[in-house]
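Undergrad: What follows is each chain in one-letter form.
There are 2 protein chains.
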Amino acid sequence: MMKTAAEVREACRSGRWTGPTCGLAPDYVQANLAVFPKDWAYDFLLFAQRNPKPVPVLEVGDAGDFRISRIAANADVRTDLPKYRIWKNGILEEEVTDISRYWRDDLVYFLIGCSFSFEEALVDEGLPVRHIEENVNVPMYRTSLMCEGAGKIPDTPMVVSMRPYTPEQAVRAAKITGQMPFVHGAPVHIGNPSEIGITDIAKPDFGDAVTVNPGEIPVFWACGVTPQSAVMEAKPPFMISHAPGHMFVGDKRNDDFRIR
Amino acid sequence: MMKTAAEVREACRSGRWTGPTCGLAPDYVQANLAVFPKDWAYDFLLFAQRNPKPVPVLEVGDAGDFRISRIAANADVRTDLPKYRIWKNGILEEEVTDISRYWRDDLVYFLIGCSFSFEEALVDEGLPVRHIEENVNVPMYRTSLMCEGAGKIPDTPMVVSMRPYTPEQAVRAAKITGQMPFVHGAPVHIGNPSEIGITDIAKPDFGDAVTVNPGEIPVFWACGVTPQSAVMEAKPPFMISHAPGHMFVGDKRNDDFRIR
Numbered sequence: 001m002m003k004t005a006a007e008v009r010e011a012c013r014s015g016r017w018t019g020p021t022c023g024l025a026p027d028y029v030q031a032n033l034a035v036f037p038k039d040w041a042y043d044f045l046l047f048a049q050r051n052p053k054p055v056p057v058l059e060v061g062d063a064g065d066f067r068i069s070r071i072a073a074n075a076d077v078r079t080d081l082p083k084y085r086i087w088k089n090g091i092l093e094e095e096v097t098d099i100s101r102y103w104r105d106d107l108v109y110f111l112i113g114c115s116f117s118f119e120e121a122l123v124d125e126g127l128p129v130r131h132i133e134e135n136v137n138v139p140m141y142r143t144s145l146m147c148e149g150a151g152k153i154p155d156t157p158m159v160v161s162m163r164p165y166t167p168e169q170a171v172r173a174a175k176i177t178g179q180m181p182f183v184h185g186a187p188v189h190i191g192n193p194s195e196i197g198i199t200d201i202a203k204p205d206f207g208d209a210v211t212v213n214p215g216e217i218p219v220f221w222a223c224g225v226t227p228q229s230a231v232m233e234a235k236p237p238f239m240i241s242h243a244p245g246h247m248f249v250g251d252k253r254n255d256d257f258r259i260r
Numbered sequence: 001m002m003k004t005a006a007e008v009r010e011a012c013r014s015g016r017w018t019g020p021t022c023g024l025a026p027d028y029v030q031a032n033l034a035v036f037p038k039d040w041a042y043d044f045l046l047f048a049q050r051n052p053k054p055v056p057v058l059e060v061g062d063a064g065d066f067r068i069s070r071i072a073a074n075a076d077v078r079t080d081l082p083k084y085r086i087w088k089n090g091i092l093e094e095e096v097t098d099i100s101r102y103w104r105d106d107l108v109y110f111l112i113g114c115s116f117s118f119e120e121a122l123v124d125e126g127l128p129v130r131h132i133e134e135n136v137n138v139p140m141y142r143t144s145l146m147c148e149g150a151g152k153i154p155d156t157p158m159v160v161s162m163r164p165y166t167p168e169q170a171v172r173a174a175k176i177t178g179q180m181p182f183v184h185g186a187p188v189h190i191g192n193p194s195e196i197g198i199t200d201i202a203k204p205d206f207g208d209a210v211t212v213n214p215g216e217i218p219v220f221w222a223c224g225v226t227p228q229s230a231v232m233e234a235k236p237p238f239m240i241s242h243a244p245g246h247m248f249v250g251d252k253r254n255d256d257f258r259i260r
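Top line first, the protein sequences correspond to chains Y and L.
Read in this note's numbering, the first sequence has 220 at position 220, and its numbers run on one by one without any break.
Read in this note's numbering, the second sequence has 228 at position 228, and its numbers run on one by one without any break.
Just so you know, not all the hints are guaranteed correct.
What the hints assert, rightly or not - Using 20 Å as the maximum straight-line C-alpha spacing, the simulated EDC-like pairs for lysine to aspartate or glutamate come out as follows:
| no. | chain 1 | residue 1 | chain 2 | residue 2 |
| --- | --- | --- | --- | --- |
| 1 | L | 152 | Y | 65 |
| 2 | L | 152 | Y | 39 |
| 3 | Y | 38 | L | 106 |
| 4 | L | 152 | Y | 148 |
| 5 | L | 175 | L | 216 |
| 6 | Y | 38 | L | 216 |
| 7 | L | 38 | Y | 39 |
| 8 | Y | 152 | L | 98 |
| 9 | L | 252 | Y | 39 |
The set of hints was computed from the structure by calculation and includes no laboratory data.
Please read all numbers here as calculations on a predicted model, not as lab measurements.
Bound-form chain Y, shown alone:
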């Protein structure tokens, strides 16, 4: 198994690895990718500033610059993720494993924090994560909580991820993730799903349903799918994202993003 972030990036760059990054190089921060033409970059950065829980920005490149230098050393955003998606006018056009031929001088990349970072912290402190135990994708829901738009990006429903815990565990999980404001932070809601507009907890809008045991309550965190959902609604003429689960792996440690 690949143990370091540099090994994962090298395997992606050479084409040897094109699969999901979940479980690879544990301890290292993983990040969502969004690439926009320069004339969309301000609106996206402002959307992130206004909605830091769903959109915690870890690094932004200069226009045209494909080198990643802040959360990783010697990385190349064009080749170092296992899989990318090319979007035109809000429609998915293609999945590719290298975006070199799409790169342009006016493109700006955004690397955005990911819940993998806080899940490691939860597990380390003895709080099991149900969807990992059940080996499925985390359940995600559209909510009635609204994110504030910015420029061409409209007000959009926040997407949340859910992990079930006992009330005692929920308190500890809230405290731990509250110490990680740069990777989604504290829960946005605990308990009754209908209070945030979720009608059926067994039917997530994205990902898979997980078991909620008797005595457990659902705990909801702001989710990195939110910006994708907002941007798809805004329909930029051109945009590149990572393929779901196929993240950028940086050299910083998850623990670097925790405040104690």
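Given the coordinates of chain Y, assemble chain L onto it according to the supplied hints.
TA: Coordinates of chain L only, in the frame set by chain Y:
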């Protein structure tokens, strides 16, 4: 004395208060102001993203919008600060108490976190703040720590503020302010000033010198003067800032910015 933020803003708006805001409406968050034409806004927001310790952005307006609605209710950035500075090409042109006649449809305001917020937390936890005790301005220094530029804003030396503490107090102060990443966060340096390029602790570049007692070490925090210094170097054709010490007072509490 004015006890609430709304009282302070009303007094500024009516012209009854044009003095510094230090000590007014304690508990309420105070913020630095920077206003730019839209074509400078992206570079400034990106500079802030890359340098969150000296430039913690609390709220950004839409272009042309003078209403402040996120860290305060029913506030107007044109009238609700006691004193402003008008800058042209990096040169201070004028000090005014109302910027209504300067407001334009392409202006974007940025409200930026201020060390008043963490000083309240320090005092509340029994850590005296020397420059408050000595009734002078906090000492500030240009350092050899560099901030990363963004677009038209160049790489610039970080400006830091200094408060002397015993080593035991310094540890507690670091912990408390580390819990406030949105208002400058943990110290950037503790101890020997020369390690960050400060040659004489008795001669600050801005503000006033304070007593460092035997057994105390200087503790340095990223300072909100940094963006002003960076921007002055970049010489935008037009810009508005608050006058030093004459801050915006919001309805959020300082404690809202603390993570425990």
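Undergrad: Compare the structure with each hint and give your call.
TA: Hint-by-hint comparison with the structure:
For the given pair, residue 152 of chain L sits about 16 Å from residue 65 of chain Y by alpha-carbon distance, which is consistent with the 20 Å threshold. For a cut-off of 20 Å, the pair hint linking residue 152 of chain L to residue 39 of chain Y stands: about 16 Å separates their Cα positions. Restraint check for residue 38 of chain Y and residue 106 of chain L: satisfied, since their Cα atoms lie roughly 19 Å apart, inside the 20 Å limit. Taken as a hint, the residue 152 of chain L and residue 148 of chain Y pair is broken in the structure, with Cα atoms around 28 Å apart against an allowance of 20 Å.
Between residue 175 of chain L and residue 216 of chain L, the direct Cα distance comes to roughly 17 Å. Compliance with the 20 Å bound is thereby established for this hinted pair. Distance hint between residue 38 of chain Y and residue 216 of chain L is unfulfilled; the C-alpha atoms sit about 49 Å from each other, more than 20 Å. Between the alpha carbons of residue 38 of chain L and residue 39 of chain Y the distance comes to roughly 12 Å, so the proposed pair stays at or under 20 Å and holds. At most 20 Å may separate the alpha-carbon atoms for a hinted pair to count; residue 152 of chain Y and residue 98 of chain L exceed this at roughly 31 Å.
With a C-alpha separation of about 33 Å, the suggested pairing of residue 252 of chain L with residue 39 of chain Y is violated against the 20 Å cut-off.
Hints 4, 6, 8 and 9 from the list above are not met by this structure, while the remaining hints are.
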